[in-house]
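Residue numbers (our numbering), protein chains in the order written: chain H, 1 to 415; chain G, 1 to 418.
Just so you know, not all the hints are guaranteed correct.
In silico BS3-like cross-links for lysine-lysine, where the CA-CA straight-line distance does not exceed 30 Å [unchecked claim]:
#1 H/Lys184 with G/Lys140
#2 G/Lys216 with H/Lys229
#3 G/Lys140 with G/Lys216
Just some of the chain H residues that point at chain G, by a computed CB distance under 7 Å [claimed, not checked]:
#4 Glu199
#5 Ser202
#6 His203
#7 Arg347
Read the hints as simulated data drawn from the structure, not as lab findings. Ideal Cβ positions, reconstructed from N, Cα and C, are used throughout, including at glycine.
Below are the chains, spelled out letter by letter.
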Amino acid sequence: MADSLLFLTELMGMRVYDLKGHRIGRVRDACLSPRVDKVRVDQYLVGGEWTWWTIRHDQVATISLDGICLRDEKLVPYHDDVWSLRMVRDLLDQQIIDAQGRKVVRVNDVTFGMKSVDGHDELFVREVDVGVRSIFRRLCQGVVPPRLVRRAMARISPHSIRWEFCNIIEPDPQRRLRLNIDMKGLEDIHPADLADIVEELSHEGREAVFESLDSEVAAETLSEVEDTKTQVSILESLDADRAADIVEEMAPDEAADVLAEMEEASSEAILDEMEEEEKTDVEELLEFDENSAGGLMNSECISVPETSTVADALRAVAENAEQVDTLTNLFLLDADGRLAASLPVARLLLADSATPLSTLAGRDEVVSVSVTEGRERVIELFDRYNLMALPVVDEAGLLVGSITADDIISVLRQD
Amino acid sequence: MRLLDRLPRPLLVFFTVIGPGFVTAMVDNDAGGIYTYSQAGALFGYMLLWTLPPIALLLVVTQEMNARMGAVTGKGLSDLIREEFGLRTTFVVMALLVLANLTNVMANFAGVASALELFHVSKYVSVPLAATAVWFLVVKGNYQSVEKIFLLACVTYIAYIIAAVLMNPDWEASALASVRPVVRWDPLYLTMIVGLVGTSVAPWMQFYLQAAVVEKGITVKDYAESRIEVIVGCIVMVVVAFFIVVACAAAIWQHGPREIASAADAAKAFRRFGDYAFLLFSAGLLNASLFAACILPLSTAYSVCEGLGFESGVNKRFREAPVFYWLYTGLIVIGAAVVLIPGFPLVRMILFSQVINGMLLPLVLVFMIKLVNSPALMHEWTNSRLYNIVAWVAVAVLIAMTAVLIGTSAYNMYFGTV
């Protein structure tokens with residue numbers, strides 16, 4: 001059987017014969033050694049009469065539905081090996097993340113490709129099977145002869161995930177390292193989709209994902225997780241310094257929302273680990289009632305003196321490039337530092353670089369809100385003036401932050 | 001949230017206290033439950049009240065393990081069974097669960113039909129209407145708010161307390177009977193005991209409660225509160241059962257013990273004590289049946305899809321989660337349609353449902369005890385030794401009782417009623 005398919009359900013229970021054609025036992029499990037080769041089956045575990053034996057991949061001569069024939073019968077008893085991923089024990093029936101389909105799936109079966117390498121047969125993991133066809137195979141496994149199963153299942157449409165898109169969820173960080181599990185594939189998923197995936201996982205699964213993701217992706221994902229309680233439990237499951245790395249990358253208003261819901265001791269521990277600048281931003285926001293304008297606002301916003309020109313404004317934007325994805329308005333300040341106008345960024349596109357900003361802003365009075373104002377009023381202002389961003393000022397009229405339309409959408413959805 | 005903020009304070013407290021445990025307990029008093037308790041009161045008066053405290057204990061022990069597993073692992077019971085015991089076992093358990101719950105759904109649509117027939121609404125109007133409403137409510141509406149309405153409507157359970165008081169029962173006798181076990185070697189009496197236990201501890205509750213705990217995001221940190229809530233829920237459920245038994249004992253048994261054909265039959269007996277008692281009892285029955293008809297199909301579809309690895313969730317589109325939607329819709333459509341078939345052997349179906357429930361329950365409980373004692377899953381939250389002794393005794397009692405129940409139900413299915 002050169003270059004053909006074999007299913008894990010068929011491999012399990014397959015008879016193994018030695019050089020003389022005597023039966024040694026049946027296959028119980030197959031192991032990969034991901035540090036050596038991510039796809040090749042490295043060892044076959046065979047249950048003999050008294051013990052399990054380990055067969056190295058190069059000791060196998062041929063593999064077919066009739067059984068495995070060896071070419072070298074010096075076998076060693078099986079010992080648990082921290083470097084190997086056991087397909088039946090560690091993969092079958094467990095949840096994995098499908099990075100291509102962007103969802104959590106449960107493994108029903110595994111498809112191997114078989115190739116002849118240097119005159120003997122080797123198995124390579126090709127796909128993980130989910131869906132009805134693989135359930136059918138599992139139910140028939142060991143009861144119905146494999147050839148009959150293959151014929152019968154041809155009518156059911158297959159549903160498989162290519163191995164390179166499969167992300168195994170391993171809660172133990174050391175084992176993740178040994179098994180070469182990096183979850184890099186997840187970082188290409190949109191944070192909103194990744195958040196949906198995370199919400200479906202168990203506590204340990206969430207911890208595993210958030211430990212392995214890049215802090216920036218982790219922060220974006222955490223912001224997209226809908227329930228604050230879930231956000232809190234995720235942060236609390238991580239080490240304080242790892243949690244701090246993620247919180248630093250979050251928008252300060254969102255970070256403050258999560259930290260406000262945590263127990264004092266846990267949020268203190270995280271704040272202690274944070275960089276000074278981000279920490280002050282968040283701590284300031286934590287002072288406000290979460291239902292007030294202060295609690296909704298983001299302290300990161302771009303302000304420039306009203307006397308400056310379009311060129312100055314563009315420079316200010318360039319200096320705060322990390323905010324550019326969500327930037328809608330610039331705020332102009334008068335000589336005393338009080339809020340004078342709110343300028344939609346798009347107007348800069350049409351203006352000459354020497355134009356003074358005050359001429360772009362127009363004569364309208366700026367709509368702003370005090371930090372202590374209730375959120376009902378804030379929502380009303382957004383609705384009435386069709387705002388994209390609403391500046392927030394303190395008692396003295398100094399700009400302290402801004403609320404953006406996406407914050408309002410989240411608030412409205414929660415209600 | 002906004003709606004909640006506007007509610008008066010006492011109601012607000014009510015909603016903060018309740019959670020998965022309370023909901024499970026309330027749904028447990030569904031049409032089948034009300035019927036069984038009424039029957040116990042109508043046939044044996046106060047005599048069977050002593051079974052209620054042990055039933056409460058059984059409930060607390062089993063439900064607490066589920067809540068704890070959900071809080072510690074963050075996984076549903078069908079997930080855990082799949083991961084620890086493999087696909088084939090899961091498949092068998094899920095097949096039995098679907099069968100058992102399908103008949104439970106039928107019983108509840110029958111409950112809707114008979115409750116509304118008391119108000120002269122034809123079942124050919126009420127059942128299709130109820131089924132459509134249930135389907136749309138969950139798929140197109142917002143289940144969270146629907147759940148709150150139902151829970152609020154559960155206040156109608158107080159109706160049973162008022163109804164019981166209106167009947168002017170013998171309180172002394174009922175208090176005494178609650179603590180004095182009476183064993184009679186009468187097959188009808190024994191079947192009744194088994195029926196009471198069987199209707200109170202049902203397999204679907206295990207799956208539903210654990211899934212609800214996970215869904216609510218309860219973790220070990222807030223588990224202490226959750227445990228109290230589970231215990232309170234079980235007690236409230238048993239208290240409601242107590243008053244149903246007492247009410248029926250006073251209304252029916254005191255005027256001559258007789259068998260009742262349905263929960264609605266019991267409601268009719270209340271009529272001679274005034275319209276209020278009758279109204280309260282039937283409204284309670286209607287609410288319980290509708291609530292259960294909402295939760296059972298949904299919970300079944302979730303459990304099966306999780307266990308077998310299909311996409312699930314009402315926030316998914318039909319194309320994304322076809323198995324989930326077909327299962328959910330199928331359970332409602334078949335469950336409702338069957339009630340409308342003239343001459344359909346509904347009583348036999350319900351007996352059959354008890355047999356399936358009885359087969360499934362020991363299986364599920366044994367799995368649960370094994371799972372809850374696995375240190376790999378539960379870390380330091382495994383059962384204590386004393387807890388395990390109590391749990392195994394509870395399982396042994398349940399297995400013995402369900403064996404009796406299966407025997408008698410199977411007997412009745414083939415040879416008619418006792």
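Checked hints:
no., hint, result
1, H/Lys184 with G/Lys140, "violated (37 Å)"
2, G/Lys216 with H/Lys229, "holds (9 Å)"
3, G/Lys140 with G/Lys216, "holds (21 Å)"
4, Glu199, "violated (9 Å)"
5, Ser202, "holds (4 Å)"
6, His203, "holds (4 Å)"
7, Arg347, "violated (36 Å)"
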